[in-house]
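2 protein chains.
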Amino acid sequence: MNALNVAEYMHTLGLQARQASARMASASAAEKSSALRALAALLRANVASLQSDNAKDIERATAAGLTAPMVDRLKLTPKIIETLAVGCEQLATMPDIIGEVIGMKQQPSGIRVGQMRVPLGVFGMIFESRPNVTIEAASLSIKSGNACILRGGSEAIESNKALARLVQQALADAGLPSEAVQLVQTTDREAVGHLIAMPESVDVIIPRGGKGLIERISREAKVPVIKHLDGNCHTYVDDPCDLALAVRVTDNAKTQKYSPCNASEGLLVARGVARAFLPQIGAVFAAKGVEMRCDAEAGAILREVADANVQEATEQDWSEEYLAPIISVKVVAGIDEAIAHINRYSSHHTDAILTRDHVHAQRFLREVDSASVMVNTSTRFADGFEYGLGAEIGISTDKFHARGPVGLEGLTSLKWIVLGNGEVRT
Amino acid sequence: MNALNVAEYMHTLGLQARQASARMASASAAEKSSALRALAALLRANVASLQSDNAKDIERATAAGLTAPMVDRLKLTPKIIETLAVGCEQLATMPDIIGEVIGMKQQPSGIRVGQMRVPLGVFGMIFESRPNVTIEAASLSIKSGNACILRGGSEAIESNKALARLVQQALADAGLPSEAVQLVQTTDREAVGHLIAMPESVDVIIPRGGKGLIERISREAKVPVIKHLDGNCHTYVDDPCDLALAVRVTDNAKTQKYSPCNASEGLLVARGVARAFLPQIGAVFAAKGVEMRCDAEAGAILREVADANVQEATEQDWSEEYLAPIISVKVVAGIDEAIAHINRYSSHHTDAILTRDHVHAQRFLREVDSASVMVNTSTRFADGFEYGLGAEIGISTDKFHARGPVGLEGLTSLKWIVLGNGEVRT
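Note that the protein sequences, when read in sequence, are chains A and B.
First residue of the first sequence? That's 1103 in this note's numbering, and the numbers climb one at a time after it.
First residue of the second sequence? That's 1103 in this note's numbering, and the numbers climb one at a time after it.
Note that these hints are calculated values from the structure, not bench results.
Nothing here was measured: the structure is a model prediction, and the numbers come from that model.
The beta-carbon is built from N, C-alpha and C at its ideal position, and this holds for glycine as well.
Relax, there's no trap hidden among the hints.
A few chain A residues that face chain B, going by a derived Cβ cut-off under 10 Å, partial list only:
1. A1124
2. A1127
3. I1200
4. I1213
5. V1215
6. G1223
7. L1347
8. A1454
9. A1473
10. L1516
11. V1526
12. R1527
Please model the complete structure; the sequences and the hints are all you need to start from.
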């Protein structure tokens, strides 16, 4: 496509999405569930053909010399397809939040005023490599009564096209407009530029991918963006605390998995418990090969631990999201210094205090300016499913509209509804 | 100031606001109320000096040849100052919503998960002429635990400076940081450009003023904007309806005041009641000198009304926000055409149906995509105070974050709080 054609093509997708969104907004819960169940059935019935389309992407990626982990992320195995089908069925059985009415109260004038939950309208999702995001985004869009325009990575284009065909068939089978979910069929880079700058057709953009991509999109978007930047999460071991609990939870927050955004990257320890706590957690980290980047005080204690890999922390370490077996460690005077350090260096994603002190717990909850603040548990719990949201659009590191794990509600807005009996304003 | 100095000055204001916002976020309800009461007392104690500073603005405006209504809007009369003081006292007595915890529920893992309402942080408000906005914005900012940077119109700079001094004194008297409310002291136009592009110090921008100003700010802002564009509101008279109610409510929606954004600019009438309804409302409009811009069918009926000012509507009339004694009138087949017309031409601000039909009422509420949708009452009720919000930041015509009348909640976000007993993720 040339530049003019891309602009026109994206404009057409936008118009079609906007039109489809009106029908989706008034679709019944039964219609949406029926589309989701049809999609699950179609996924299961088309495992072979999906794999053959997926093979084209794999082949091209391998030929282009992509690394093994990158090629791996492209793969649509029968197991992954089954997981996607189960996900659609689970969404189908979840309660429908559209049309929910809250807070209806009579006002002095006599009118009754409340709010009704309605879809946002149209969202655009921009993602890289993994083709399963096509189904995840499509199913969340259907369940929330929105329309969406999906832009996947060029390396997965054949897989994404095949998956999008199934989504559109499922919508049609349920009597819903197939344009409610549209995949951008061109891999032209300019398409993204248009998608993020059509406020008349797209209400919000949800990017998923590397920090560079997300920062660029946020900078250039002409519509709101629900975004996740980075997760520099902290665990603060307070004085007083339950030492056994602190060791178990800190270990989990750092080592249960190194790659997730909610793993702890920084450990703060109150001076009063440092001598008792640090050797214990140091031994755990040493056994698991976790490198500790320490301030002078923590380093002095941890260097006494057998086999500990202790390095001197630089200023940069306090802001770092390692996503690796590395943790920064610092001894602080107490709760004040811990809160100040976290509010300065944290990415405002998730931070936890491990404490027995009620006042400290309350202050931490109130004063730490992060999307999730926790007491006596692992930062690894910051997750839409663990929070009981039933589905997760993403984790927002912004404060506006949606903060932290975003469920289906993040794709909705509340409009005001007013019921009267002929009242007039005087 | 030269350009470099303006940039540096705004950057300093931003840093100071960000610092003050942390203290404001943890301020107690009592401290915030004390600041608001101190401000009310200071306003009352300084009526004379406020008027003398205000006189400088009035004099300059008059000399510059501003129109009488524009000069009027600049005036700080003793009555206006008293109203501002009473407003501060009312806010002081309102419940404090900061720290509120909602939805705390235990999850299968054992952790309890809920949400806590916290301030957004720092907002920037950009407004024109009326200096009372300085006090309204400052008091809402204090009550909601935010910090703010206020940029008023250059024509009111002396009045704004005098008011801002009182606000800062009130904050200091209550033991809160005076930088929690800062007025931009330079009238340099570049200051606005910086204010809307400092995501590190300003979380949201709230512009108040003409549509041109608001559109420009929305286009150029690098942070979210809570904005109000226009109010092309509709009243739809359905078949069947209570005719007496319909006449009373339609009259109120159009003529109670012509200038507010929630006045009805468009009247849609179901064909089945047009012959009965239009002559009655036509007589009311004729008596009040309201011009009717009609489609052919409505025009044919209304031209029979004595003294009626009936004009032919153009396509442009359906989108017009008159803010004047003019209304567009169209006969529609029924509920379907009414909803389609509104969703096409409305500014998505406020639209009402007047009906006896339950199914039509439910469909209107669900399908009309506007910030406020009403049944059997006047669009003029779309207002934060009438909705029981106790205070109004503004009326948002967006769907994201805040929609329709925005109360103090619009200046807050919900963060997740998680309480555990040593749970770890497996």
